[in-house]
Amino acid sequence: MTSVNFLKHKIVDFIRVGYLFIKDKRTRGHVIRYIRSNNKKNIKTIRFETKELWKYWGVFPIQYYTHDFYSKFCLLKLDEMKEYMPSYYFYKIVYPYYDDIGKTTLMLENKTSMKRLFEGVDIPTSRTIFTKLNNIFLSNDNVNAVGEMEINFLIKHCSAKRIFIKPTDGRGGKGIIISEKIGISYFFEENIIDYKFLLDLDGDYVVEEGIEQHAEISKVYEQSVNTLRAVTIRKKNNQVELIAVTLRMGINGRKIDNGSAGGILIGIDLMSGGPLKPYATYEYGEEKFIHHPDSGFIFSELNIPNWIDIKSGIIDSARKLENANLIGWDVAITNEGFLMIEANTLLGLDHTQSGVGGLRDHFIVGEPLLAICNGRGDEIFL
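With the first letter of the sequence shown counted as 1, position 367 gets the number 367 in the UniProt record's numbering; the numbers rise by one all the way through.
Since the hints were derived computationally from the structure, they do not count as laboratory data.
These figures come from a predicted structure and were not determined experimentally.
One thing to keep in mind: the hints can contain errors.
Stated by the list, open to error - Keeping only pairs whose Cα atoms sit at most 25 Å apart, straight-line, the calculated DSS-like set for lysine-lysine is:
1. Lys55 - Lys44
2. Lys255 - Lys25
3. Lys41 - Lys72
4. Lys92 - Lys10
5. Lys55 - Lys8
6. Lys41 - Lys51
7. Lys77 - Lys277
As the list claims (entries may be wrong) - Label pairs and their calculated CB-CB ranges:
8. Asp309 - Asn135: 37 to 43 Å
9. Asp309 - Gly262: 27 to 33 Å
10. Lys72 - Leu106: 42 to 48 Å
11. Asn5 - Gly262: 38 to 44 Å
12. Lys77 - Tyr19: 30 to 36 Å
13. Ile298 - Lys51: 25 to 31 Å
14. Gly147 - Glu119: 22 to 28 Å
15. Lys55 - Ile35: 37 to 43 Å
16. Lys55 - Asn303: 51 to 57 Å
17. Gly147 - Pro305: 40 to 46 Å
18. Ile35 - Asn152: 36 to 42 Å
19. Glu212 - Lys25: 53 to 59 Å
20. Asp294 - Val121: 33 to 39 Å
21. Asp309 - Phe21: 54 to 60 Å
Just so you know, even glycine gets a beta-carbon here, dropped at the ideal spot from N, CA and C.
Input sequences plus hints: build the corresponding full structure.
Put into structure tokens, the structure is as follows:
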């Protein structure tokens, strides 16, 4: 039985890695970066390290290339590399232990149902102006249908500087339309935002007021809402813990902060709310930013305002979502406190480990192979 379970995972992982190398743009980027690197360790060291990581986790150590462990500038020892979880192990072994991906996806990955859930359990979130569902517009109670006059009235009388038009099933900032207020109207590129513009959009959308982030966060980069990615876990003892936080920032004039859209990130110290390191990075690669390339903000001086209250609010929000145990939150910091933008099931493992280091010890005590060989997750998962 042990060998069958292990073989199953090996086969699935082999197929997955092959697919990623052929089809996934991000993975191909890692390969190209490795090939082009002029600062690689000698091939004997690379083979030894990858072999040991493969043996330790039981699956291909894609994290070795995601985080550039092959570089001469990587100072991590092998034991420290082992703390970084491979994505297959996390999403196929760890995540299913804590949550049913099918159920949590239905609950959280549709922005309309997620916002309704937040409001139902009193989690602070950005204000919904209206939604578009199957070409029918619904007021912010998601019950009453509204027509052209009402939609144009709601837009005209919105006081926010920006309106965010988000696909209900969008991920990684893809498909978001950010409109700017000019005079009494909102514009995206040269298009005025009104009933006709929204009706012509394919798909379902949530239309939200733009958030005014805290002045201290705007000092870092003012073109985007720079959000915290906070990871919470409900452990076997039913205690909810905040285990990792990064600050995501836009760059190069972009209006979104997602790493998949080219943003940068920095890990946050959970005790102080300051930076774990004095520099920010991309999700992948070795490039370091001592200061923000657009604003010049010096990252060693970063402090999340009202951190103790923010941290408490994140944990409290996780307690309220009783049907999800492992969540990646997108948190906006405002002058009044915080707003939850999203709760994510696929919490961005590579992103988080790039900012705060390996996450193994937050989930596992013992040998990872116990779970992959014979399903003994109860013995090693926290």
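Evaluation of the provided hints:
Our distance criterion of 25 Å between C-alpha atoms is met by Lys55 and Lys44, whose separation comes to about 17 Å. Restraint check for Lys255 and Lys25: the C-alpha separation of about 23 Å stays at or below 25 Å, so the hint holds. This hinted pair checks out: Lys41 and Lys72 have alpha carbons roughly 5 Å apart, not beyond 25 Å. For the hint pairing Lys92 with Lys10, the CA-to-CA distance comes to about 12 Å; that is within 25 Å, so the pair holds.
Restraint check: the Cα-Cα separation between Lys55 and Lys8 comes to about 16 Å, which is no more than 25 Å; the hinted pair holds. In summary, the hint linking Lys41 to Lys51 is supported, as the alpha carbons are separated by about 15 Å, within the 25 Å threshold. Taking the CA atoms of Lys77 and Lys277, the gap is near 18 Å; set against the 25 Å cutoff, the hint holds. The supplied range of 37 to 43 Å is met by Asp309 and Asn135, whose beta-carbon atoms lie about 41 Å from each other.
The hinted range of 27 to 33 Å is satisfied by Asp309 and Gly262, whose Cβ atoms lie roughly 31 Å apart. At roughly 46 Å, the beta-carbon separation of Lys72 and Leu106 lies within the given 42 to 48 Å, and the hint holds. Restraint check, Asn5 to Gly262: a C-beta distance of roughly 40 Å satisfies the suggested window 38 to 44 Å. As the Cβ distance of Lys77 to Tyr19 is approximately 32 Å, the hint placing it in 30 to 36 Å holds.
Checked against the hint of 25 to 31 Å, the C-beta distance between Ile298 and Lys51 comes to roughly 41 Å, which is inconsistent with it. Between Gly147 and Glu119 the CB atoms are about 24 Å apart, so this pair conforms to the stated range of 22 to 28 Å. Roughly 25 Å separates the CB atoms of Lys55 and Ile35, a value that falls outside the hinted 37 to 43 Å. Distance hint for Lys55 and Asn303: a CB-CB separation of about 42 Å, inconsistent with the stated range 51 to 57 Å.
Between Gly147 and Pro305, the C-beta spacing of about 42 Å keeps the proposed range 40 to 46 Å intact. The hint said 36 to 42 Å for the Cβ distance between Ile35 and Asn152, and at roughly 54 Å that hint is violated. Our hint of 53 to 59 Å for Glu212 and Lys25 is violated, since their Cβ atoms are close to 34 Å apart. A beta carbon spacing of about 37 Å between Asp294 and Val121 agrees with the range 33 to 39 Å that was offered as a hint.
Range check, Asp309 to Phe21: about 45 Å between beta-carbon atoms, so the 54 to 60 Å window is missed.
When held up to the earlier numbered hints, the structure conflicts with 13, 15, 16, 18, 19, 21 and fits the remainder.
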